[in-house]
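Participant: What follows is the residue order along each chain.
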Amino acid sequence: MTGTSTGVFSGLRNWLLLPSWLVIGVLVLSPVFIMLVYSFLTKEFRGGVIWDFTLAAYDQFFLDRGLFGDEPPKMEWTYINIFWRSIWQALLATLLCLLIGFPTAYFIATRPPSARTVWLFMVTVPYWVNLLIRTVSMKFLIRDNGPVNEWLLATGMISEPIHLINTPIAVQLGLFYSYLPFMVLPVYAAMERYSFSLSEAAADLYASKWFTLWHIVIPSVRPGIIAGCILVFIPSMGAFLAPDLLGGARNFMIGSLIEEQFKGTAGNWPFGAAASMILLSAVLLVLLYYTHYQSKTGIAKN
Amino acid sequence: MKRLFFAMTTAFLLVICGPANAAGKLSIYHWFEYIPQELLDKFSAEHDIEVTMDTYDSNEALLAALKGGRIGEYDVAVPGDYMVEIMSAEGLLDTIAEGELRNMGNIEPQWADVAFDPGRKHSIPYQWGSTSFTVNREMYSGDIRTTSILFDPPPELSGKINMLDSQGEVLALASLHLGIEQCSGDKEKLKALNALLQNAKPHWASFISDGAKDVLVSGEAAVGMIWNGFSAKARSENASLEYSYPKEGYLAWMDNVVLLKDAPNRDNALLFMDFLLEPENSAAVTNFAQYTSGVTGTYELLDAELKASPELNPPADAPSGTFVAVCDQATQELYDAIWTNLKK
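Protein chains in written order, with this note's numbering: chain A, 82 to 383; chain B, 908 to 1251.
Take these hints with a grain of salt, some might be off.
[Said to hold, decoys possible] Below are the BS3-like pairs computed for lysine-lysine, each with C-alpha atoms no more than 27 Å apart in a straight line:
1. Lys344(A) / Lys1154(B)
2. Lys949(B) / Lys344(A)
3. Lys1168(B) / Lys1028(B)
4. Lys155(A) / Lys932(B)
5. Lys1108(B) / Lys290(A)
6. Lys1250(B) / Lys1108(B)
7. Lys1168(B) / Lys932(B)
8. Lys1214(B) / Lys1108(B)
9. Lys155(A) / Lys949(B)
10. Lys974(B) / Lys155(A)
11. Lys949(B) / Lys932(B)
12. Lys1028(B) / Lys974(B)
13. Lys1096(B) / Lys1251(B)
14. Lys1108(B) / Lys155(A)
15. Lys1154(B) / Lys1096(B)
16. Lys155(A) / Lys1250(B)
17. Lys1094(B) / Lys155(A)
18. Lys974(B) / Lys344(A)
19. Lys1214(B) / Lys344(A)
20. Lys1108(B) / Lys974(B)
21. Lys1140(B) / Lys1094(B)
22. Lys1154(B) / Lys1214(B)
[What the hints assert, rightly or not] From the structure, some residues in chain A lie toward chain B, with a derived Cβ separation under 10 Å:
23. Arg127
24. Ile131
25. Phe134
26. Thr135
27. Asn162
28. Arg192
29. Ala308
30. Gly329
31. Gly345
Simulated from the structure, these hints should not be mistaken for lab results.
These figures come from a predicted structure and were not determined experimentally.
Idealized CB from N, CA, C, for every residue including glycine.
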């Protein structure tokens, strides 16, 4: 591609790329760089930083010196546990979205083309409403004397209200509901390109339905599934609306821990920046591993 | 074409950069839903001043915005008691000279000189109230005038308690429960405070501030930590709610109008402060927000319902409220650690 002289826009190539580079540079790279620098600075009491370089923020993250800082340093699990809780929660939400989203996408892709548009439209309609409002509505729906419990009680299916609000299950429900289309849409896009005559061919060759699904459909739409998983996993990990509103904010999530450092009483900007950098590095590692794995299997296939 | 463009740009720049200290303007930085629009309109009409207002949702957000470079943009703000002290220490406040406010004498004697702003050099009272908790009497009929309801609850209330998601207020109320002073650096006392919170947490269902009223009204929580005026509003929607004035003590707070440093319209800011010190105007705020004014002569002007409100009238034997204290950096870090430990 580089150095082609036949294209209409040849010669303009660098100029045409300039806006993208500006956007990436100004809006993506420079904030990350500022964050990286801040994470090594000394905190100023009640917000702000002092320009003295230190590792204090990372020390606080990884080492436990007791409440009064006078004990020999041990491994600090507090923040790692908060991260792990958020990661675990995001993994569960991703799995749940995949379990429901994959059949949904399959269903839509197998409808006649005119009907697909309607189904896709129906998947996206609820997302025209603000996320906050949808999460609050979920809270109203599932609380102890909310419509769901009242309906179940009235029909006699349960004799005691199911206690959902302020539990991890409620958080899962909220995340699942918030991010489902992020799974359905990429999987559907991949499924639409999948030629269903391959499934028919497999059936002609006596492959069972499960065999066809595992060995033909899923490998073909795998890029869509992986894209969907990433699109659900990453925002779920940083989510704080669902954990706060549906989980009762009893425990910090990554998102709320970092927010507290900037907006709360603590006002510890370097620590908030360090926690963000550690989160960013963790996500980057996962993505690097994924692209590495992708290219490897791609080569193996060829 | 070029000339037209130039003319338009110049006109635009003149509009947005117009003289910032033009007479006839006032820029307020205020809490959300805390002042009736009619009152702002009245001030506008009386003094021929154009009023603009931005809002914030916490004292810390106010501080972060001003420290982040917005000082010099606003004339007045309305920080809580401890935040007045912090803002003053951070050099964000201007001094009101002797005699600059002609209604200074309208301040109630008990608020004329306060610890968070000695001599009222930077601030005037806006509204004050208390922070304690409210119990749904249909769910619990025992004695509620004790902080044990929150920190060592009877079995029937366990798991049905909402706390405010506010470090300062939760830790200060817990200190009152234990009878230890705030901002204590004493290791044994801090360990006891930490242990109290760790043991109480399993009994708490949630940490919700903005929905503190809603969880009580809906019955989602049987007990909820809450501000008195907010609790009065909750009671008007659910009659079985009762606000408690615990015998161990409860928290008091006061929001104050402060004169900001580098105020672009300093004279109008003073006019506005004098305006809010008129009993009639202060009463209008109180009738709207349902807390208590710090200005003399407002009581007669209050709505009858408000005068009789149990949330605003502590029982005769209740102790007086305690303000949240401002700790120094070293001590504050210990309290931050205890809070993180509670929510980890």
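Participant: Does each hint hold? Answer for all of them.
Facilitator: A quick look at each hint next to the structure:
no. : hint                    : verdict
1   : Lys344(A) / Lys1154(B)  : violated (33 Å)
2   : Lys949(B) / Lys344(A)   : violated (34 Å)
3   : Lys1168(B) / Lys1028(B) : holds (13 Å)
4   : Lys155(A) / Lys932(B)   : violated (58 Å)
5   : Lys1108(B) / Lys290(A)  : violated (51 Å)
6   : Lys1250(B) / Lys1108(B) : holds (9 Å)
7   : Lys1168(B) / Lys932(B)  : holds (16 Å)
8   : Lys1214(B) / Lys1108(B) : violated (36 Å)
9   : Lys155(A) / Lys949(B)   : violated (62 Å)
10  : Lys974(B) / Lys155(A)   : violated (36 Å)
11  : Lys949(B) / Lys932(B)   : holds (14 Å)
12  : Lys1028(B) / Lys974(B)  : holds (21 Å)
13  : Lys1096(B) / Lys1251(B) : holds (21 Å)
14  : Lys1108(B) / Lys155(A)  : holds (25 Å)
15  : Lys1154(B) / Lys1096(B) : holds (21 Å)
16  : Lys155(A) / Lys1250(B)  : holds (20 Å)
17  : Lys1094(B) / Lys155(A)  : holds (20 Å)
18  : Lys974(B) / Lys344(A)   : holds (12 Å)
19  : Lys1214(B) / Lys344(A)  : violated (36 Å)
20  : Lys1108(B) / Lys974(B)  : violated (34 Å)
21  : Lys1140(B) / Lys1094(B) : violated (40 Å)
22  : Lys1154(B) / Lys1214(B) : holds (23 Å)
23  : Arg127                  : holds (6 Å)
24  : Ile131                  : violated (12 Å)
25  : Phe134                  : violated (20 Å)
26  : Thr135                  : violated (15 Å)
27  : Asn162                  : holds (6 Å)
28  : Arg192                  : violated (41 Å)
29  : Ala308                  : violated (33 Å)
30  : Gly329                  : holds (3 Å)
31  : Gly345                  : holds (6 Å)
Violated hints, in rising order: 1, 2, 4, 5, 8, 9, 10, 19, 20, 21, 24, 25, 26, 28, 29; the structure is consistent with all others.
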